[in-house]
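Each chain, letter by letter, is given below.
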Amino acid sequence: MTAGTTEIRPSGEPHLVETHQTGMPTVMVGMLLFIASEVMFFGGLFATYFNARASVAPEPWEPPPGGELDMALAAVLTAILISSSFTMQFGVWAIRRGDAGKLKMWTGITLALGVLFLAGQLYDYSQLGFGIADGVFGTVFYTLTGFHGAHVFGGAVGLTIILARAMQGQFSGRNHIAVEAVSIYWHFVDVVWIAVFSTIYLLR
Amino acid sequence: MATTTLEPQAGAPAYRRSWVLDWLTTVDHKKIGILYIVNGFLFFFAAGILALVVRSELAVPGLQLVDQDTFNQAFTMHGTIMLFLFIIPTLSGFANYIVPLQLGAPDMAFPRINALSFWLLPLGGILIFSGYLFGGAAAEGWTGYAPLTSDRFSPGTGTDLWIIGLALVGTASILGAVNFITTIFKMRAPGMTLFRMPIFVWTVLVTAVLILLATPVLTAGLIALFIDRNYGGSFFDPSVGGNPILWQHIFWFFGHPEVYIVILPAMGVVSEVLPVFSRKPLFGYKAFVFATIGIGLLSFSVWAHHMFTTGAVFLPFFSFMTALIAIPTGIKMFNWLGTLYRGKLMLTTPMLFALGFISMFLIGGISGVMLASPPIDFHVQDTYFVVAHLHYVFFGGSVFGVFAAAYYWFPKMTGRRLNEPLGKVHFWIHFIGFNLAFFPMHQLGLSGMPRRVADYSPDAGWTYLNLASTVGAFMIAVSVIPFLINVVASLINGEPAGDDPWEGNTLEWATTSPPPPYNFDRLPPVHSERPLFFLTHGHGHVAERPDDLEEHSEDDVERRGGAA
Amino acid sequence: MSDTAFGFILLGVAMAVVLGIVFAITTRYGARPKPPAGVHLPPPSYLPVVLSVGAAIMGLGLVFKPDDQFANLFLLIPGLVIFIGGCIAWVRAANHEWRDTEHGSHGDGAAH
Chain Z
1 MTAGTTEIRP
11 SGEPHLVETH
21 QTGMPTVMVG
31 MLLFIASEVM
41 FFGGLFATYF
51 NARASVAPEP
61 WEPPPGGELD
71 MALAAVLTAI
81 LISSSFTMQF
91 GVWAIRRGDA
101 GKLKMWTGIT
111 LALGVLFLAG
121 QLYDYSQLGF
131 GIADGVFGTV
141 FYTLTGFHGA
151 HVFGGAVGLT
161 IILARAMQGQ
171 FSGRNHIAVE
181 AVSIYWHFVD
191 VVWIAVFSTI
201 YLLR
Chain E
205 MATTTLEPQA
215 GAPAYRRSWV
225 LDWLTTVDHK
235 KIGILYIVNG
245 FLFFFAAGIL
255 ALVVRSELAV
265 PGLQLVDQDT
275 FNQAFTMHGT
285 IMLFLFIIPT
295 LSGFANYIVP
305 LQLGAPDMAF
315 PRINALSFWL
325 LPLGGILIFS
335 GYLFGGAAAE
345 GWTGYAPLTS
355 DRFSPGTGTD
365 LWIIGLALVG
375 TASILGAVNF
385 ITTIFKMRAP
395 GMTLFRMPIF
405 VWTVLVTAVL
415 ILLATPVLTA
425 GLIALFIDRN
435 YGGSFFDPSV
445 GGNPILWQHI
455 FWFFGHPEVY
465 IVILPAMGVV
475 SEVLPVFSRK
485 PLFGYKAFVF
495 ATIGIGLLSF
505 SVWAHHMFTT
515 GAVFLPFFSF
525 MTALIAIPTG
535 IKMFNWLGTL
545 YRGKLMLTTP
555 MLFALGFISM
565 FLIGGISGVM
575 LASPPIDFHV
585 QDTYFVVAHL
595 HYVFFGGSVF
605 GVFAAAYYWF
615 PKMTGRRLNE
625 PLGKVHFWIH
635 FIGFNLAFFP
645 MHQLGLSGMP
655 RRVADYSPDA
665 GWTYLNLAST
675 VGAFMIAVSV
685 IPFLINVVAS
695 LINGEPAGDD
705 PWEGNTLEWA
715 TTSPPPPYNF
725 DRLPPVHSER
735 PLFFLTHGHG
745 HVAERPDDLE
755 EHSEDDVERR
765 GGAA
Chain P
769 MSDTAFGFIL
779 LGVAMAVVLG
789 IVFAITTRYG
799 ARPKPPAGVH
809 LPPPSYLPVV
819 LSVGAAIMGL
829 GLVFKPDDQF
839 ANLFLLIPGL
849 VIFIGGCIAW
859 VRAANHEWRD
869 TEHGSHGDGA
879 AH
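Line by line, the protein sequences are chains Z, E and P.
Quick note on this note's numbering: the first sequence kicks off at 1 and runs consecutively.
Quick note on this note's numbering: the second sequence kicks off at 205 and runs consecutively.
Quick note on this note's numbering: the third sequence kicks off at 769 and runs consecutively.
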């Protein structure tokens with residue numbers, strides 16, 4: 001083996017690669033992949049829910065004695081979150097048209113709805129009559145809704161950041177990738193809630 | 205001889221940074237790769253010492269050295285550290301260093317998140333190890349089965365530290381996976397279609413997808429366990445409606461893709477090394493890619509083969525799927541054999557480790573197919589047969605891959621060559637020691653020796669095999685010494701490597717050793733999966749000329765004119 | 769402190785010392801060449817270390833929790849402060865770099 005005397009002469013002009021931004025922007029790819037991992041995380045939590053539900057048979061699957069699920073409140077929370085997805089999307093459409101003012105408005109409304117959801121969730125927790133340590137129903141209920149709530153909180157933080165950046169005038173019709181990324185994260189959080197709600201409250 | 209020179213731009217100040225700060229704040233994928241590798245080897249040594257503790261105790265019957273609790277901590281920490289803090293991070297480190305270079309990219313897609321992924325590792329590892337400071341490390345096996353890991357049976361802090369440390373390490377992996385996938389899809393050099401990527405990049409891609417999808421499930425399980433232990437949860441406690449088997453399902457749904465996460469990058473390394481030292485392209489590139497993807501997909505369908513004996517598993521399905529996954533693995537074996545066939549073999553140290561990989565992984569794969577069959581598995585589950593299998597695939601596979609990568613890419617990373625004779629000494633002691641340590645375990649398992657036991661009866665007839673195994677373990681430990689001497693001596697005074705000491709095929713050899721911070725001054729044109737081969741050897745081999753090379757670019761004209 | 773713990777700490781310190789020596793010997797100093805136009809590489813940052821340390825301290829806060837509380841607040845709160853402070857600094861730094869990039873963003877508008 002000769003010592004390293006291979007000469008490498010790439011010909012042509014010095015040209016270094018500009019990362020070709022064809023197709024989906026890099027940040028969006030990253031966000032979608034991150035969301036994929038979060039889907040799997042919730043998948044794991046849902047697996048614990050369904051396994052617990054199957055395991056307690058032939059006992060009925062229900063909250064512990066003294067506890068009761070508040071279906072009405074959950075339905076209201078669902079409506080709040082679904083509306084917030086709509087308002088988020090209105091904001092995205094606005095900034096795609098270049099309308100930063102409407103972006104600020106819709107983002108603000110989305111953030112308010114998100115905070116309202118979290119407040120409602122905490123209120124629900126205080127009224128339920130059972131805790132995480134009250135048998136397997138309590139454990140899976142609080143774990144599933146609790147981690148969903150944590151993800152809503154994370155989304156709210158993201159919304160706050162893009163609201164602040166929007167107020168500094170950083171977004172335009174051409175440059176607003178952070179808004180797109182936060183918006184799909186917010187839609188993801190909404191979809192997970194629909195799954196949580198359907199599983200815990202509708203399917204039971 | 206480097207022809208790509210680094211000319212400091214006029215006006216750029218010469219500066220002297222503190223090297224500590226340099227390494228602490230770096231976001232350069234090359235430095236981060238080295239950090240991963242160094243960190244990985246440190247944990248390798250620590251977990252290796254734990255293995256020596258285990259083997260020393262088991263050499264002869266009787267509890268001579270440690271008590272049972274210490275023994276349990278030793279094998280638990282050995283497994284956890286080796287898998288989560290050595291193998292995956294070290295292979296990740298090589299991937300971090302090499303993948304952007306092989307793609308012709310200046311760095312990873314998200315360089316700062318790349319650094320974050322690294323720094324979570326030593327911190328997670330310290331948390332896991334710190335169990336020793338607080339009454340004892342985790343001692344329930346790296347698989348952490350409930351209810352043994354519940355607060356009722358393992359009340360110590362060590363298990364909690366293990367959980368949280370692993371959560372940090374898992375998060376690091378997931379972030380790394382996002383980074384790799386994005387980089388591979390978005391930052392390839394012009395002309396590098398997916399099917400012109402180096403094979404190593406393909407294996408890293410599939411590995412990253414597995415990490416992305418499997419690790420979060422482990423995170424969910426770890427959180428559930430933590431809630432059970434500390435917040436009165438009932439996930440795994442049957443007395444309040446929970447189910448211990450749930451832990452096994454969650455853990456192994458992650459755990460099985462995990463073992464492919466461990467092996468695929470090593471297979472990628474072997475697939476880089478073999479063509480270079482056989483002077484032939486990889487046989488059946490596309491088949492290999494599809495086999496890798498097939499393994500990735502199938503890996504999610506076999507998890508319950510770790511749970512055959514629970515009675516809670518639909519045996520025919522999982523047995524069938526497990527046997528099925530042997531097929532793409534077998535295809536790869538033939539890819540490698542086909543590459544070697546009629547090649548001009550150069551038995552350098554990386555090549556020896558790659559050949560060692562093929563033969564040792566074959567043995568591990570065969571014992572794996574045996575375990576796929578429930579009738580066999582029912583007899584050898586939780587015996588040393590399984591320990592033999594897992595070490596042949598993890599150690600005979602992945603660790604051999606790590607050393608192949610180390611010897612192959614050390615010149616690129618440091619600009620120095622490792623000493624070949626010393627490397628061969630390392631290889632042979634390592635190879636013989638490895639087989640001495642682990643081959644007897646097949647027989648031990650078949651004759652009934654259970655795993656995770658600190659002691660055994662002198663009448664069982666297991667003594668001599670255990671003794672042999674312990675000798676082998678110490679041989680492995682000794683083999684590390686020539687490696688370390690080689691690394692340190694070569695760093696200080698090794699022969700300069702130049703850009704391309706091995707006459708490689710892929711883009712990392714088209715820049716200096718080590719590369720400049722932004723990797724390439726100029727990129728060679730990419731028209732095949734061996735861009736450097738065509739660059740240095742011209743298009744003389746018409747048969748290998750890619751079909752879609754229609755236009756004659758300036759590059760082509762000049763190269764043909766100046767072809768050697 | 770158990771013997772095992774002492775042994776590992778000793779080992780860790782020895783390894784760190786050897787490592788430090790190797791790193792010190794092999795670090796080369798000099799001008800750092802600028803990348804060609806079109807390549808954007810973020811500057812070095814201490815924030816990954818900060819966030820990791822913050823996360824680890826938060827983790828310790830959960831591990832060493834007193835039985836009647838959610839977590840060990842003496843560990844959780846400082847960890848949270850470090851972590852969140854680090855996140856804020858990260859977002860601000862990314863924002864800063866975004867604004868400094870020559871012709872605005874390349875269409876993806878984010879420095880990571």
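These are calculated hints, taken from the structure and not from any lab test.
All C-beta atoms in this analysis are idealised placements derived from N, C-alpha and C, irrespective of residue type, glycine included.
Worth double-checking, as some hints may not be accurate.
Unchecked claim - Residues of chain P clear of chain Z, computed beta-carbon distances all greater than 10 angstroms:
(1) Val-785
(2) Phe-851
(3) Gly-853
To be verified - If you want a taste of the chain E side facing chain Z, the calculated C-beta under 8 angstroms gives, among others:
(4) Ile-385
(5) Pro-420
(6) Ala-424
(7) Ala-428
(8) Ile-431
(9) Tyr-435
(10) Val-444
(11) Gly-445
A quick look at each hint next to the structure:
The claim that Val-785 of chain P lies off the interface holds: its Cβ sits roughly 33 angstroms from the closest Cβ of chain Z, which is beyond the 10 angstroms cut-off. Against the 10 angstroms criterion, Phe-851 of chain P stays outside the reach of chain Z, whose nearest CB is about 12 angstroms from its own CB. Every beta carbon of chain Z lies more than 10 angstroms from that of Gly-853 of chain P, the smallest distance being close to 14 angstroms; the non-interface claim holds. A cut of 8 angstroms between beta carbons decides the hint on Ile-385 of chain E: the least distance to chain Z is about 6 angstroms, and the hint holds.
For Pro-420 of chain E, the suggested interface contact is upheld, since its CB lies about 4 angstroms from the closest CB of chain Z, less than 8 angstroms. For Ala-424 of chain E, the interface hint holds, since its Cβ comes within 8 angstroms of a Cβ in chain Z; the closest pair sits about 3 angstroms apart. Taking 8 angstroms as the C-beta contact cut-off toward chain Z, the hint placing Ala-428 of chain E at the interface holds, the least distance being around 6 angstroms. Interface restraint check for Ile-431 of chain E: the shortest CB-CB distance to chain Z comes to about 6 angstroms, inside 8 angstroms, so the restraint holds.
Because the smallest distance between the Cβ of Tyr-435 of chain E and any Cβ of chain Z comes to about 6 angstroms, under 8 angstroms, the interface hint for this residue holds. Taking 8 angstroms as the C-beta contact cut-off toward chain Z, the hint placing Val-444 of chain E at the interface holds, the least distance being around 5 angstroms. At a threshold of 8 angstroms, the smallest CB-CB gap from Gly-445 of chain E to chain Z is about 4 angstroms, leaving the interface hint in force.
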